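*Asks:* Letter by letter, the chains look like this.
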Amino acid sequence: MANNIIEVKDLCYCYVDNGPWCVNHMSLEIAEGSFVGIIGQNGAGKSTLMKNLTGLLRPTHGTIHLNGEDIADKPVAEIANTLGYVLQNPDRQLFADTVREELAFGPTNQGVSEEEVNKRIDYILKSVGIMHLADEYPPALSKGDRAKVVIGSVLAMEPQVIILDEPTGGQDYIGRYQIMDIARKFHDRGHTVIVVTHSMALVAEYCEKIVVLCNAEILLQGTSKEVFSQPEVLAKTFIRPPQITELANRMKEELGIHETLLSVEEMGDKVLEHIPSGE
Amino acid sequence: MSILDYHYGDSYVHRMDPRVKMILLVLLTIVVFIISNFYVLVTMFALVLLVWKTAKLPMKNIVRYMKFLLSLVAFLIVLQGLFFSSGDNPVILMHPIIPDVVPVIGGHGTIYLDGILFGLVLGLRLLTLVCIMPIFTMTTTISETALGLVKLGMNYKYAYMTTTALNLIPTLQEETKMIMDAQKMRGFKAFETGKLMEKLRAYVTLVVPLVVGSMRRAQLMGVAMEGRAFGAMKTRTYREDLNLRTRDIVCGVFVMLLCIGVVYFNIRLGGWY
Amino acid sequence: MGTIIEAKEFSYSYPRRDNQVLKNLNFKVEEGEFIAIMGRNGAGKSTLTQAFNGVIPHLHGGTIWGNILVDGVCSQETEITEMAQKVGVVLEDPEAQLFTTRVDDEMAFGIENLCLPREEIIERIKWATKVVRLEGFWDREPTALSGGQKQRCAIAATLAMKPKIMVLDEPTSQLDPIGTFEVFDVIKSLKEEYGMTVMVATHKSEHIAEYADRIMVLEAGEIVAFDTPQVIFRNSELLSHVAVRPPQVSALAAYLNSMGQNIKRSDYPLLIEEAEVVIRNLIGGASNGQ
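Chains as they are written, first to last, in the working numbering: chain A, 1 to 279; chain B, 1 to 273; chain C, 1 to 290.
Watch out, some of these pointers could steer you wrong.
Mimicking BS3-like on lysine-lysine, the simulated pairs with C-alpha atoms at most 25 Å apart in a straight line are [unchecked claim]:
| no. | chain 1 | residue 1 | chain 2 | residue 2 |
| --- | --- | --- | --- | --- |
| 1 | A | K74 | B | K177 |
| 2 | A | K74 | B | K157 |
| 3 | A | K119 | B | K195 |
| 4 | C | K126 | C | K23 |
| 5 | C | K86 | B | K234 |
| 6 | B | K177 | A | K143 |
| 7 | A | K74 | B | K234 |
| 8 | C | K191 | B | K157 |
| 9 | C | K191 | B | K234 |
| 10 | B | K157 | C | K264 |
| 11 | B | K234 | C | K164 |
| 12 | B | K199 | A | K74 |
| 13 | C | K164 | A | K270 |
| 14 | A | K9 | A | K209 |
| 15 | A | K143 | C | K86 |
Worth flagging that the hints you see were computed from the coordinates, not collected in a lab.
Note that the structure is predicted; figures quoted are calculated from it, not measured.
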């Protein structure tokens with residue numbers, strides 16, 4: 001069993017004194033090297049939880065341990081060395097004149113040698129697929145490319161954990177998969193990835209573990225199969241499983257499906273089993 | 001939450017005609033600039049607090065302003081205490097704090113009571129001014145302000161441009177915070193653990209993304225406003241009308257008289273204290 | 001019902017750019033139709049939505065060729081503010097287009113500009129609030145609403161002006177599934193209950209499959225297809241070429257065919273119910289054969 005890189009114990013947070021809890025007694029463990037999806041309605045507390053993890057907000061109650069150390073007294077800029085956070089709106093995260101400088105910003109702040117910075121930039125440009133944009137002015141890029149630059153600039157800091165907050169909002173079909181594939185690539189290199197998203201299809205396809213938030217509390221957590229096999233619980237937070245999972249659930253008996261199906265291929269294979277020519 | 005944001009409520013101050021509020025805002029600002037007597041200023045500040053209470057605005061904000069102004073006021077008091085030079089016969093609180101034996105600056109450093117009081121007056125004046133503005137912005141919606149300006153004779157396009165610009169201030173504050181957060185997340189240490197100069201330099205780096213962002217936003221807002229026929233006609237109608245109620249007039253006259261009284265006392269008392 | 005939007009050889013390029021972002025568009029939209037505009041990011045969807053009320057070229061500059069007639073008026077030669085009474089355009093970013101401090105002020109803004117009498121203004125605010133189901137929220141601050149409520153508030157602010165045509169640019173891009181559902185439900189009612197012509201640029205295939213009359217597919221500024229969802233979503237080759245995701249159940253049919261099945265193109269399902277029928281037919285065949 002891998003170590004837990006993040007341990008959240010009994011975390012509470014509210015924005016105003018005596019106001020409503022935006023994070024209400026959440027406890028959560030994230031194993032090193034896992035790929036975690038965080039889902040839930042707008043306002044369920046996803047971003048608030050993430051901001052607590054990164055130190056941008058400080059818990060009203062409870063503790064957060066990163067690599068076994070309490071982060072309570074650590075400045076954000078120090079936490080950022082271990083935990084990279086890509087915020088929702090890419091436009092507020094671009095400050096440099098060229099993509100190359102943008103990527104260099106983080107590692108330079110970390111005090112990495114120039115040689116190493118250049119090495120990292122080249123690696124990121126290649127692995128994120130923005131080599132051709134290296135000398136462009138970041139704010140002038142297309143939405144999809146801006147998102148990639150922002151993700152790349154956080155990845156360039158080589159954090160152990162990377163959090164992507166709604167990375168695919170407003171992206172087209174291809175853009176979504178490109179971004180998730182970048183995340184997967186870094187996951188394969190041993191990084192821990194946390195994705196906050198509304199897209200059930202992407203969560204089902206990429207994430208090993210899913211945490212469902214509802215009204216500032218953790219409603220469910222488990223593997224994607226475990227989570228999507230409980231549509232009744234999910235319905236509480238108005239989350240609908242992917243269309244294909246819903247179809248599979250409806251045709252459970254006819255097709256003899258016992259587990260939760262998440263992809264078109266899985267469902268297709270199941271159907272083929274029941275067709276004479278496929279036997 | 002920004003310090004200038006509209007604060008929901010249904011107090012008398014909220015319901016007051018925005019025109020009266022606007023005029024009183026200008027009047028009070030001028031009066032606070034005029035008065036120089038410490039006791040009159042304290043009275044004035046107490047009155048502002050009373051209005052603040054009537055409008056059911058959060059008292060916490062005043063504590064925030066005080067904290068914000070504290071270092072500035074302390075600086076003013078020390079500066080004025082040491083270097084106060086006007087006044088015919090300044091009361092000396094403490095004789096030279098630097099003994100004569102010290103070369104060059106020896107014998108200097110007399111602390112004047114007048115100076116300290118003058119510093120205090122400046123500080124209190126600043127605080128009072130800072131507390132007056134939100135009484136207006138926190139109790140008046142953008143549309144009420146715009147309508148008030150129109151009824152006072154301003155062209156509606158300018159009226160809306162003014163109020164929309166005012167509305168941009170809290171947005172900019174929020175935007176600044178988001179950019180700072182993003183920079184922190186990229187390991188930029190200056191905001192948290194940097195020295196004063198580093199912090200200042202760090203704030204300068206915020207300017208470009210902030211300007212780029214606001215221009216984009218302003219342009220979008222322009223598209224949205226024109227898309228909703230802003231400027232289609234010479235005039236426009238309003239969902240709500242303003243009616244100058246008797247008690248608004250009475251209240252306005254009362255505050256005006258109060259201002260005259262305050263200025264009168266200030267002249268009668270003269271001096272700083 | 002007649003034609004309400006007609007583009008004739010319409011092309012556009014942004015100022016100081018050589019390439020045309022919209023190329024030689026020719027199309028007609030009938031009154032009361034629900035049209036979805038799909039295609040990858042950068043295909044020209046947003047640009048096209050802004051051409052309907054003349055923001056392009058009036059505010060952005062640039063060069064146009066040809067024209068778009070909206071309700072008999074050329075949108076490129078008419079003031080935006082005048083077009084605003086025919087076409088309501090809801091922008092993608094809900095925050096930039098909500099600029100007042102109360103929900104009812106937001107809705108009042110547009111109709112006040114039209115110089116309508118006060119009673120009418122109040123009447124219309126009530127109506128628009130009801131359509132987007134924001135009753136009880138009228139004294140809230142728009143920035144304090146949830147994402148879905150903000151989007152619906154932006155829709156209502158435009159809707160209150162009672163334009164004949166509503167154009168929406170990615171109205172659900174930041175929303176969770178329930179918010180997306182609420183917004184699409186409102187958009188559907190605009191067409192069905194109020195007879196408006198609706199054009200929506202979006203990536204949400206499952207919703208479009210359910211609601212749209214026709215889909216306009218843009219690729220690099222050109223219209224590559226303009227047909228019913230049934231035709232578009234069944235054309236897997238076209239979809240992969242233009243980076244549009246079919247509903248998952250259509251993808252299932254395509255997958256089954258790639259595995260040797262023989263589902264007719266015209267039988268590709270778009271909705272879950274249709275998929276159930278198709279699958280039952282397949283396995284039903286099995287039980288007959290056994």
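*Asks:* Does each hint hold? Answer for all of them.
*Replies:* Here is what the structure says about each hint:
no., hint, in the structure
1, A:K74 x B:K177, "19 Å, holds"
2, A:K74 x B:K157, "50 Å, violated"
3, A:K119 x B:K195, "31 Å, violated"
4, C:K126 x C:K23, "41 Å, violated"
5, C:K86 x B:K234, "19 Å, holds"
6, B:K177 x A:K143, "22 Å, holds"
7, A:K74 x B:K234, "58 Å, violated"
8, C:K191 x B:K157, "34 Å, violated"
9, C:K191 x B:K234, "33 Å, violated"
10, B:K157 x C:K264, "60 Å, violated"
11, B:K234 x C:K164, "24 Å, holds"
12, B:K199 x A:K74, "18 Å, holds"
13, C:K164 x A:K270, "48 Å, violated"
14, A:K9 x A:K209, "18 Å, holds"
15, A:K143 x C:K86, "30 Å, violated"
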